[in-house]
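What follows is each chain in one-letter form.
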Amino acid sequence: MALSRLSSRSNTFLKPAITALHSPIRRHVSTDTSPITIETAVPFTSHLCESPSRSVETSSEEILAFFRDMARMRRMEIAADSLYKAKLIRGFCHLYDGQEALAVGMEAAITKKDAIITSYRDHCTFIGRGGKLVDAFSELMGRKTGCSHGKGGSMHFYKKDASFYGGHGIVGAQIPLGCGLAFAQKYNKDEAVTFTMYGDGAANQGQLFEALNIAALWDLPAILVCENNHYGMGTATWRSAKSPAYFKRGDYVPGLKVDGMDALAVKQACKFAKEHALKNGPIILEMDTYRYHGHSMSDPGSTYRTRDEISGVRQVRDPIERVRKLLLSHDIATEKELKDMEKEIRKEVDDAVAQAKESPVPDSSELFTNMYVKDCGVESFGADRKDLKVTLP
Amino acid sequence: MSAILQGAGAATALSPFNSIDSNKLVAPSRSSLSVRSKRYIVAGSDGTNNKTFASSSLIARRSDPLIPNAVATKADTAASSTSSKSGHELLLFEALQEGLEEEMDRDPHVCVMGEDVGHYGGSYKVTKGLADKFGDLRVLDTPICENAFTGMGIGAAMTGLRPVIEGMNMGFLLLAFNQISNNCGMLHYTSGGQFTIPVVIRGPGGVGRQLGAEHSQRLESYFQSIPGIQMVACSTPYNAKGLMKAAIRSENPVILFEHVLLYNLKESIPDEDYICNLEEAEMVRPGEHITILTYSRMRYHVMQAAKTLVNKGYDPEVIDIRSLKPFDLHTIGNSVKKTHRVLIVEECMRTGGIGASLTAAINENFHDYLDAPVMCLSSQDVPTPYAGTLEEWTVVQPAQIVTAVEQLCQ
Chain A
1206 MALSRLSSRS NTFLKPAITA LHSPIRRHVS TDTSPITIET AVPFTSHLCE SPSRSVETSS
1266 EEILAFFRDM ARMRRMEIAA DSLYKAKLIR GFCHLYDGQE ALAVGMEAAI TKKDAIITSY
1326 RDHCTFIGRG GKLVDAFSEL MGRKTGCSHG KGGSMHFYKK DASFYGGHGI VGAQIPLGCG
1386 LAFAQKYNKD EAVTFTMYGD GAANQGQLFE ALNIAALWDL PAILVCENNH YGMGTATWRS
1446 AKSPAYFKRG DYVPGLKVDG MDALAVKQAC KFAKEHALKN GPIILEMDTY RYHGHSMSDP
1506 GSTYRTRDEI SGVRQVRDPI ERVRKLLLSH DIATEKELKD MEKEIRKEVD DAVAQAKESP
1566 VPDSSELFTN MYVKDCGVES FGADRKDLKV TLP
Chain B
780 MSAILQGAGA ATALSPFNSI DSNKLVAPSR SSLSVRSKRY IVAGSDGTNN KTFASSSLIA
840 RRSDPLIPNA VATKADTAAS STSSKSGHEL LLFEALQEGL EEEMDRDPHV CVMGEDVGHY
900 GGSYKVTKGL ADKFGDLRVL DTPICENAFT GMGIGAAMTG LRPVIEGMNM GFLLLAFNQI
960 SNNCGMLHYT SGGQFTIPVV IRGPGGVGRQ LGAEHSQRLE SYFQSIPGIQ MVACSTPYNA
1020 KGLMKAAIRS ENPVILFEHV LLYNLKESIP DEDYICNLEE AEMVRPGEHI TILTYSRMRY
1080 HVMQAAKTLV NKGYDPEVID IRSLKPFDLH TIGNSVKKTH RVLIVEECMR TGGIGASLTA
1140 AINENFHDYL DAPVMCLSSQ DVPTPYAGTL EEWTVVQPAQ IVTAVEQLCQ
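Protein sequences, first through last, are from chains A and B.
According to the working numbering, numbering within the first sequence proceeds without interruption in unit steps and concludes at 1598.
According to the working numbering, numbering within the second sequence proceeds without interruption in unit steps and concludes at 1189.
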């Protein structure tokens, strides 16, 4: 990997005494925000637009945050795996491990005013948007304290204050919703964009092309992100798509193909896409990524691909390992510090699981809450307009 | 009383009959909108006890002066219970347009999307002139992709916009069924109340004049099971405008069913601002002998039959149920308790239609009050044929209604 550094090296010699005062994990360099430029390993491929530059501006603090957040997401998914096998999580559980770079890279490029909507593989996107681990685990276990009060489940995580619109079970149905979010942003002149995420399986849905047509016609600030993990449940992309170049399938809509296992490349692409969408309308980002687990917990994930393939990707392309190498080679953290960080995160996740296990289940009166919204106290009159019939509750 | 509503849970949020206190005026509160003042006219029971009040956020005002005769509804208005002597006359599609326009004026978040609603003016002219007045961003001509634009409307609603989504014919909305069922109906619940979906989905449906099977569908029976939505059917210019306005103001997703053959009905409606309660049924003709429940176009067939029945000495009570989901079991129940006989006349198919659900609801809740089994007249379970005579036989005709009443009242 070609590395170029600008300024960080000299900082390692500064103020060693201060390190001792902070907690052993935090070195002074880890909060260094002076810019570092790193080149992405894989170039971008573009369709109908210019590629962004391969040099990504970042900082030590950011790369360390990537590591921490991805490790947290990875641990969360693995904990969810064990909880599912212990039958504390039921139904469907779609895990995101392997794809964490997408969630963290995207967050680094955008604000909380930009909206994200995704499919059912939403646990890590929820955490990326600022969701708490304990809320996620509570929701997975169907407790009252979950982010959807236990009523949504694994596939229905939402966080309105962070503009995270979920969490959708039907493949592809979130795409028109996402274009609707972009429409509202344009209507309200928000200067924000919507990232509508879907998978390689959903890329064959008609509603994608319908929504894309409208988004392009009306110049909506919609960014369609295809998380291409190469398998639509059990069907590989070469068996489901005549043209697996998903970034080109927008035809008249520009597209960009990105190495989705590289958090920095994802950040660069999302930054580029946001600028593009605000000026020129929709753009498609195809993120080349991979999931280690099967489609869901009920899928072993090995009937349609070999274990060698999975371990191969884990060795060569794992997003967390890549960031770890970056941290070590740039001397932002030592091996031991990273291991300690992972231990700390593991404890954090375990604590969240324990706390979630203690939370109460919703009581039966909750069955009927949130069916309808209580309407305002408007009065309305009978058909003969002679007397006040009712005040709407 | 609330237990008799369909589903105990619906009662908690939608119990319109619990607090009927005309002394307690509460202005609507909308946190997402700026305060605007709008005058509502309240009609008193004898036409002279009128109050006007301006709505400002959350302040109940009772001290405004009374304006007599603001609504010149005579207490003894006969025949059509919805006409008033002053006001203005218009056709049903114009009433819908007026309601839509007033709501768009009142609230900048309201927008319309559908095929040919903008420059063309709407295939049934309901949105005529709106694009010129409000611009292309608020009256949006969509391409022909019901799934996508319904989904877009719902997505926009999640952020606080209030789209009115038009299906050019309700039958086309079958293509958007996934969006309506899963996203429109369920998002409020599955997000634990975080998102509200204040959309209105409207369009013409029903059997027209030889439009063919695919353009004569009655979708209310397909949508009625979807949890989380409300369904209303309008039948007169008065309730069309009132329901349109109430639907737009409602925070819940509402499906407003119009009928292709009713767009040119003429009626005089009041000049002032009014809305119709979404969950309430309309008493068309009070009576003693039998309760006839109907909605949309069949109301007119029933009223025609009622003329014959009155000549024959019967006194039918005709109720336009208007609210298809949830049913107004308060009004219906009071009527059943009075007459003890029920006839349902609907345009839905026999199997799984609105009438089927209503029959079940009445039997469940008012069984003790019934002197005869509930009878339900519906359309035949066939695709609507093209030939005029066959099409006539698909739907319920007044003669059949008369026969049914005679049979029930034996």
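Worth flagging that the hints you see were computed from the coordinates, not collected in a lab.
All C-beta atoms, glycine included, are put in the ideal place defined by N, C-alpha and C.
It is possible that some hints are incorrect.
DSS-like mimics (lysine-lysine), calculated; alpha carbons at most 30 Å apart, straight line [to be verified]:
(1) A:K1476 with A:K1552
(2) A:K1349 with A:K1552
(3) B:K1045 with A:K1484
(4) A:K1394 with B:K912
(5) A:K1548 with A:K1349
(6) A:K1394 with B:K1117
(7) A:K1394 with A:K1530
(8) A:K1579 with A:K1317
(9) A:K1365 with A:K1349
Label-pair restraints from in silico Cβ distances [stated by the list, open to error]:
(10) B:F956 with A:S1256: 53 to 61 Å
(11) A:D1366 with B:D1150: 20 to 28 Å
(12) B:P1006 with A:E1563: 46 to 54 Å
(13) A:D1568 with B:R885: 37 to 45 Å
(14) A:K1394 with B:E1051: 45 to 53 Å
(15) A:K1548 with B:I923: 18 to 26 Å
(16) A:D1504 with B:L1040: 50 to 58 Å
(17) A:K1318 with B:D1160: 50 to 58 Å
(18) B:D1052 with A:D1504: 32 to 40 Å
(19) A:K1365 with B:R885: 42 to 50 Å
(20) A:D1504 with B:P1006: 50 to 58 Å
(21) A:D1424 with B:G908: 47 to 55 Å
(22) B:G908 with A:E1480: 50 to 58 Å
(23) A:R1444 with B:Q1176: 49 to 57 Å
Taking the hints in turn, this is what the structure says about them:
{"no.": "1", "hint": "A:K1476 with A:K1552", "result": "violated (33 Å)"}
{"no.": "2", "hint": "A:K1349 with A:K1552", "result": "holds (23 Å)"}
{"no.": "3", "hint": "B:K1045 with A:K1484", "result": "violated (49 Å)"}
{"no.": "4", "hint": "A:K1394 with B:K912", "result": "holds (20 Å)"}
{"no.": "5", "hint": "A:K1548 with A:K1349", "result": "holds (29 Å)"}
{"no.": "6", "hint": "A:K1394 with B:K1117", "result": "violated (57 Å)"}
{"no.": "7", "hint": "A:K1394 with A:K1530", "result": "violated (42 Å)"}
{"no.": "8", "hint": "A:K1579 with A:K1317", "result": "holds (28 Å)"}
{"no.": "9", "hint": "A:K1365 with A:K1349", "result": "holds (18 Å)"}
{"no.": "10", "hint": "B:F956 with A:S1256: 53 to 61 Å", "result": "violated (41 Å)"}
{"no.": "11", "hint": "A:D1366 with B:D1150: 20 to 28 Å", "result": "violated (57 Å)"}
{"no.": "12", "hint": "B:P1006 with A:E1563: 46 to 54 Å", "result": "violated (31 Å)"}
{"no.": "13", "hint": "A:D1568 with B:R885: 37 to 45 Å", "result": "holds (40 Å)"}
{"no.": "14", "hint": "A:K1394 with B:E1051: 45 to 53 Å", "result": "violated (34 Å)"}
{"no.": "15", "hint": "A:K1548 with B:I923: 18 to 26 Å", "result": "violated (57 Å)"}
{"no.": "16", "hint": "A:D1504 with B:L1040: 50 to 58 Å", "result": "holds (52 Å)"}
{"no.": "17", "hint": "A:K1318 with B:D1160: 50 to 58 Å", "result": "holds (52 Å)"}
{"no.": "18", "hint": "B:D1052 with A:D1504: 32 to 40 Å", "result": "violated (57 Å)"}
{"no.": "19", "hint": "A:K1365 with B:R885: 42 to 50 Å", "result": "violated (25 Å)"}
{"no.": "20", "hint": "A:D1504 with B:P1006: 50 to 58 Å", "result": "violated (29 Å)"}
{"no.": "21", "hint": "A:D1424 with B:G908: 47 to 55 Å", "result": "violated (25 Å)"}
{"no.": "22", "hint": "B:G908 with A:E1480: 50 to 58 Å", "result": "violated (39 Å)"}
{"no.": "23", "hint": "A:R1444 with B:Q1176: 49 to 57 Å", "result": "holds (56 Å)"}
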